[in-house]
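A.B. asks: Build the full structure now, drawing on both the sequences and the hints.
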Amino acid sequence: MAQLTDTKARNITPNTKPLAAGGVSGLYLFPSATRGKGKWILRFISPATGRRRDMGLGTYPEVGIAAARKAGFEARLAIQQGTDPLEARRAEEAERRARQEMPTFERAARKVHAELKDGFRNAKHVDQWLNTLEAYIFPVLGTRLVNELRASDFAEALKPIWLSKPETASRVRQRCDTVMKWCAAQDFIMASPVGVVGKLLAKQPGKRERVTHHPAVPWRDLPSLAQRLFSDDRPSAGKSMLELLILTATRSGEVRGMRWDEIDFKSATWTIPASRMKAKQFHRVPLPPRTIEILKRQRKMAAESSLVFPSRRNTPLSDMTLTKLLRDAEVSSDTPGRVATAHGFRSAFRDWASENGYPRDLAERALAHTIRNSTEAAYHRTDLLEQRRKMMEDWERLLLSGRITEFGELKKSAI
Numbered sequence: 001m002a003q004l005t006d007t008k009a010r011n012i013t014p015n016t017k018p019l020a021a022g023g024v025s026g027l028y029l030f031p032s033a034t035r036g037k038g039k040w041i042l043r044f045i046s047p048a049t050g051r052r053r054d055m056g057l058g059t060y061p062e063v064g065i066a067a068a069r070k071a072g073f074e075a076r077l078a079i080q081q082g083t084d085p086l087e088a089r090r091a092e093e094a095e096r097r098a099r100q101e102m103p104t105f106e107r108a109a110r111k112v113h114a115e116l117k118d119g120f121r122n123a124k125h126v127d128q129w130l131n132t133l134e135a136y137i138f139p140v141l142g143t144r145l146v147n148e149l150r151a152s153d154f155a156e157a158l159k160p161i162w163l164s165k166p167e168t169a170s171r172v173r174q175r176c177d178t179v180m181k182w183c184a185a186q187d188f189i190m191a192s193p194v195g196v197v198g199k200l201l202a203k204q205p206g207k208r209e210r211v212t213h214h215p216a217v218p219w220r221d222l223p224s225l226a227q228r229l230f231s232d233d234r235p236s237a238g239k240s241m242l243e244l245l246i247l248t249a250t251r252s253g254e255v256r257g258m259r260w261d262e263i264d265f266k267s268a269t270w271t272i273p274a275s276r277m278k279a280k281q282f283h284r285v286p287l288p289p290r291t292i293e294i295l296k297r298q299r300k301m302a303a304e305s306s307l308v309f310p311s312r313r314n315t316p317l318s319d320m321t322l323t324k325l326l327r328d329a330e331v332s333s334d335t336p337g338r339v340a341t342a343h344g345f346r347s348a349f350r351d352w353a354s355e356n357g358y359p360r361d362l363a364e365r366a367l368a369h370t371i372r373n374s375t376e377a378a379y380h381r382t383d384l385l386e387q388r389r390k391m392m393e394d395w396e397r398l399l400l401s402g403r404i405t406e407f408g409e410l411k412k413s414a415i
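Residue 257 in the working numbering is what sits at position 257 of the sequence shown, and the numbering runs on without skipping anything.
Think of the hints as simulated: they come from the structure by calculation, not from any bench. Beta carbons: idealized from backbone N, C-alpha and C, even for Gly. A few of these clues could be false.
Calculated pairs, BS3-like style, for lysine-lysine (alpha carbon to alpha carbon, straight line, at most 27 Å) [what the hints assert, rightly or not]: (1) 124 x 181; (2) 266 x 280; (3) 124 x 324; (4) 296 x 239; (5) 203 x 117; (6) 324 x 165; (7) 239 x 203; (8) 70 x 17; (9) 159 x 111; (10) 70 x 39; (11) 278 x 324; (12) 70 x 111; (13) 296 x 324; (14) 324 x 300; (15) 390 x 278; (16) 280 x 300; (17) 390 x 239; (18) 181 x 159; (19) 278 x 124; (20) 117 x 239; (21) 165 x 181; (22) 70 x 124; (23) 165 x 124.
Have a look at the derived ranges for each label pair, beta carbon to beta carbon [to be verified]: (24) 292 x 125: 51 to 61 Å; (25) 220 x 148: 54 to 64 Å; (26) 11 x 93: 25 to 35 Å; (27) 367 x 292: 16 to 26 Å; (28) 56 x 11: 18 to 28 Å; (29) 93 x 314: 52 to 62 Å; (30) 160 x 107: 42 to 52 Å; (31) 273 x 393: 16 to 26 Å; (32) 148 x 185: 11 to 21 Å; (33) 126 x 56: 25 to 35 Å; (34) 267 x 232: 38 to 48 Å.
C.D. replies: So, in structure tokens, the structure goes:
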């Protein structure tokens with residue numbers, strides 16, 4: 001068969017028979033609607049189905065005769081080896097598109113974070129979720145495509161903090177697993193490989209070994225501390241907030257976000273809505289006399305704000321307000337070399353309640369701790385507000401007394 005020349009190809013006209021390229025069995029130039037233009041087609045019998053198929057190899061003159069013959073020859077080699085070149089091309093194209101769509105780990109993680117962040121309890125958790133991945137994972141795996149990542153890759157990334165920062169490492173691993181499970185749900189991968197990472201690393205210390213307590217002031221030292229910090233006639237908003245926090249044994253965020261409409265002066269009760277509680281359940285706090293004094297004094301200073309302790313921008317004061325106050329006052333704790341933390345006063349209250357014979361149930365309810373046992377929780381239908389009120393009044397007397405001997409020996413009968 002004579003081989004096709006450029007002269008003959010340039011003279012191809014519409015509605016004429018296709019021209020055999022020659023040199024490659026089944027390769028033809030089919031005419032198009034314009035003189036001198038056509039489309040290369042390779043006709044072959046598929047080794048996979050046994051049926052005739054037409055495979056396009058480009059248009060003429062964009063694809064010259066030599067290039068068309070080369071492509072046709074390579075397709076014929078594939079056919080001889082039992083491969084359908086048209087299916088092979090489609091598979092390659094699908095893989096190319098998949099690689100274009102396949103996200104890197106960092107891109108996937110940021111997408112997951114954007115979808116999940118509205119469900120986080122507070123802004124701090126929103127930032128922490130992504131910050132830990134930025135610190136420990138993105139520098140190592142951030143640019144890798146998710147379908148290329150294996151359990152060993154995550155193990156290698158987590159290894160530097162696996163034993164030295166076990167709590168952080170566990171959280172980072174969980175977040176990586178969340179990202180990879182999302183990728184599996186999007187059909188980028190078959191399944192998350194993160195679940196078996198622990199099998200590739202040394203055993204972490206148990207939770208009991210990891211526990212780190214918040215530096216706290218021993219409860220017997222609280223009367224002298226209260227006298228030193230809160231004896232001013234016109235204390236700062238920060239000191240008033242800290243005193244109220246200690247007297248109510250509540251969390252920093254609960255006090256900083258305290259609103260006037262949450263306070264019932266008549267019943268001397270503070271009701272914190274579920275949206276502001278860690279356990280997402282509303283919590284009633286009995287307010288002993290000293291807290292009412294603090295609140296009335298504060299109301300004169302912040303009457304125009306809905307917040308009890310507003311910042312200059314009418315937003316809750318920063319957590320650093322209390323931290324700085326404790327640091328500036330050099331309030332020592334039971335942890336050598338550490339200044340006391342605001343959260344540590346809850347520990348002091350819990351120790352005081354235990355050592356002075358108050359029922360565990362009262363103390364735990366005062367701290368708004370969640371009852372872990374579901375059966376026990378089902379039977380608790382009251383928050384024992386009035387019983388707790390007596391306990392909180394005793395706690396107040398301790399702080400204001402300046403004398404601890406009688407309180408150190410005071411025992412309360414079970415309620």
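A.B. asks: Hint by hint, note whether the structure agrees.
C.D. replies: Structure-based check of all given hints:
no.: 1; hint: 124 x 181; in the structure: holds, 24 Å
no.: 2; hint: 266 x 280; in the structure: holds, 26 Å
no.: 3; hint: 124 x 324; in the structure: holds, 19 Å
no.: 4; hint: 296 x 239; in the structure: holds, 15 Å
no.: 5; hint: 203 x 117; in the structure: violated, 31 Å
no.: 6; hint: 324 x 165; in the structure: holds, 26 Å
no.: 7; hint: 239 x 203; in the structure: violated, 45 Å
no.: 8; hint: 70 x 17; in the structure: holds, 23 Å
no.: 9; hint: 159 x 111; in the structure: holds, 25 Å
no.: 10; hint: 70 x 39; in the structure: holds, 15 Å
no.: 11; hint: 278 x 324; in the structure: holds, 24 Å
no.: 12; hint: 70 x 111; in the structure: violated, 44 Å
no.: 13; hint: 296 x 324; in the structure: holds, 25 Å
no.: 14; hint: 324 x 300; in the structure: holds, 25 Å
no.: 15; hint: 390 x 278; in the structure: holds, 25 Å
no.: 16; hint: 280 x 300; in the structure: violated, 31 Å
no.: 17; hint: 390 x 239; in the structure: holds, 24 Å
no.: 18; hint: 181 x 159; in the structure: holds, 21 Å
no.: 19; hint: 278 x 124; in the structure: holds, 13 Å
no.: 20; hint: 117 x 239; in the structure: violated, 33 Å
no.: 21; hint: 165 x 181; in the structure: holds, 24 Å
no.: 22; hint: 70 x 124; in the structure: violated, 62 Å
no.: 23; hint: 165 x 124; in the structure: holds, 19 Å
no.: 24; hint: 292 x 125: 51 to 61 Å; in the structure: violated, 33 Å
no.: 25; hint: 220 x 148: 54 to 64 Å; in the structure: holds, 59 Å
no.: 26; hint: 11 x 93: 25 to 35 Å; in the structure: holds, 34 Å
no.: 27; hint: 367 x 292: 16 to 26 Å; in the structure: holds, 21 Å
no.: 28; hint: 56 x 11: 18 to 28 Å; in the structure: holds, 22 Å
no.: 29; hint: 93 x 314: 52 to 62 Å; in the structure: holds, 58 Å
no.: 30; hint: 160 x 107: 42 to 52 Å; in the structure: violated, 23 Å
no.: 31; hint: 273 x 393: 16 to 26 Å; in the structure: holds, 25 Å
no.: 32; hint: 148 x 185: 11 to 21 Å; in the structure: holds, 18 Å
no.: 33; hint: 126 x 56: 25 to 35 Å; in the structure: violated, 51 Å
no.: 34; hint: 267 x 232: 38 to 48 Å; in the structure: violated, 29 Å
The structure fails to meet hints 5, 7, 12, 16, 20, 22, 24, 30, 33 and 34 from the earlier list, while all remaining hints are met.
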